[in-house]
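Chemist: This is what each chain is made of:
Number of protein chains: 2
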Amino acid sequence: MTHYSEEMNRLKETILAMASHAESAVARAMRALVERDDALALKVEADDTIIDQFEIEVDDLSIHLLTKAPLATDLRFITAVMKISQNLERVGDEGCSIARRAHDLNAEPQLKPYIDLPRMAQMAHGMLHDALTAFIEGKPELALTVIPRDKEVDALNRQLHRELSSFMVENPATITRCLHLMVISKCLERIADHATNIAEDAVYLYEAKDIRHSAQKNQ
Amino acid sequence: MTHYSEEMNRLKETILAMASHAESAVARAMRALVERDDALALKVEADDTIIDQFEIEVDDLSIHLLTKAPLATDLRFITAVMKISQNLERVGDEGCSIARRAHDLNAEPQLKPYIDLPRMAQMAHGMLHDALTAFIEGKPELALTVIPRDKEVDALNRQLHRELSSFMVENPATITRCLHLMVISKCLERIADHATNIAEDAVYLYEAKDIRHSAQKNQ
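Chain order of the listed sequences is D and W.
In this text, residue positions in the first sequence follow the working numbering: the first is -14, and each later residue adds one.
In this text, residue positions in the second sequence follow the working numbering: the first is -14, and each later residue adds one.
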């Protein structure tokens, strides 16, 4: 194995490790919410620096590899990794926002059992996981299954937003808690957006077809 | 002038044109809000495809130029352009969100005169403009002035959020309108975040110093 391909493998491993930290941040923030675990919420916030460091490492490795990339397909792969790293860094930030709101919510009585939010989190997690697998393993057909799922998460977010709005009107005492829940719902919706961006990058890379901003998104 | 440097100039011109469309989307969305101009709000949403097309054009030009970039500094410049384009595309999306909420708000009586939101918009616009000038004209010292301004926009967003929360508790009939205004405030706060990302890229590029996720941000 040449030195170059070893370094390309290192880049892949680094972006996968970064993804696993970002996924874990979201999963733990949701657990902090559902299990009302404050210590866990604080841990998620503290661990965000690890994901931030990964972003810097991915950029440095990528710039270094761009100077030696022999093929145009390699250039495309490396620049896609840099974009994905930016998306994962934001997934980590969304995880932190969820953790902060979980912390605030844990200080007050729980409004009702959490059903929709864990469901949205599970959907967003599945999208992120499939988008990354598609990207790393070169499976554009898997990436294409991610894109329509974004609409489902959007719909759940809108539905929850409507329900919480009515709840606030009926019980003004719940307004602060409802606002926290709306923010968490929006965070999950944005994580699904980041997964969609990654899936679009995978399709672009392997099918040389740019489906960003196309009708495909509106399936 | 060689062919390569002509193409580099074209890349710079393209990212500047994209930036001017993104800035204009936000400025027009804010005008649609303040002047209660529904037609303008719809125009902003329709024009988002222009910004989306710019993102594709910037990526294609960048990938093409990466295959011929002679120096590591050029590689860094080109990959920074790709990241900035992703940020500008999102600024355009935030402009659309503001336009949509302006449209919804225009259907109801105005709550109160808009003072804080136009001020936040002006601050975010100034940050975006300075970050791009710093990037294109190679002025890291200008980029460094952008970063602390993000905290001011964050503080304004939090203050407005608090005010609107109290308003909702006191007047539940205003809840829907207050929620729209909170979303607009958050959109402006995110535009300032994108400007900060661009400023950080400019500092990294010209001072070879990675200030993302460092104490500098918390000045």
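Hints listed in this document are in silico derivations from the structure and should not be mistaken for laboratory results.
Do not take every clue at face value.
Identical copies go unnamed one by one, so any copy, or any two together, can satisfy a pair.
Here are the computed lysine to any residue pairs in the SDA-like style, where the Cα-Cα straight-line distance is at most 20 Å [said to hold, decoys possible]:
1) Lys171 with Thr52
2) Lys68 with Ala57
3) Lys(-3) with Arg134
4) Lys97 with Asp37
5) Lys(-3) with His49
6) Lys68 with Arg175
7) Lys97 with Glu126
8) Lys136 with Asp37
9) Lys136 with Arg85
10) Lys28 with Glu8
11) Lys68 with Thr118
12) Lys28 with Pro98
13) Lys124 with Gln144
14) Lys68 with His49
15) Lys136 with Asp33
16) Lys53 with Thr34
Given the structure is predicted, the values throughout are model-derived calculations rather than measurements.
Chemist: Give a verdict on every hint.
Modeler: Hints, one by one, checked against the model:
{"no.": "1", "hint": "Lys171 with Thr52", "result": "neither (39 Å within a copy, 39 Å between copies)"}
{"no.": "2", "hint": "Lys68 with Ala57", "result": "both (17 Å within a copy, 19 Å between copies)"}
{"no.": "3", "hint": "Lys(-3) with Arg134", "result": "neither (25 Å within a copy, 36 Å between copies)"}
{"no.": "4", "hint": "Lys97 with Asp37", "result": "neither (34 Å within a copy, 40 Å between copies)"}
{"no.": "5", "hint": "Lys(-3) with His49", "result": "within (14 Å within a copy, 23 Å between copies)"}
{"no.": "6", "hint": "Lys68 with Arg175", "result": "both (16 Å within a copy, 18 Å between copies)"}
{"no.": "7", "hint": "Lys97 with Glu126", "result": "neither (39 Å within a copy, 51 Å between copies)"}
{"no.": "8", "hint": "Lys136 with Asp37", "result": "between (29 Å within a copy, 19 Å between copies)"}
{"no.": "9", "hint": "Lys136 with Arg85", "result": "between (26 Å within a copy, 18 Å between copies)"}
{"no.": "10", "hint": "Lys28 with Glu8", "result": "within (14 Å within a copy, 38 Å between copies)"}
{"no.": "11", "hint": "Lys68 with Thr118", "result": "within (16 Å within a copy, 23 Å between copies)"}
{"no.": "12", "hint": "Lys28 with Pro98", "result": "neither (23 Å within a copy, 42 Å between copies)"}
{"no.": "13", "hint": "Lys124 with Gln144", "result": "neither (32 Å within a copy, 46 Å between copies)"}
{"no.": "14", "hint": "Lys68 with His49", "result": "both (16 Å within a copy, 17 Å between copies)"}
{"no.": "15", "hint": "Lys136 with Asp33", "result": "between (28 Å within a copy, 19 Å between copies)"}
{"no.": "16", "hint": "Lys53 with Thr34", "result": "neither (30 Å within a copy, 35 Å between copies)"}
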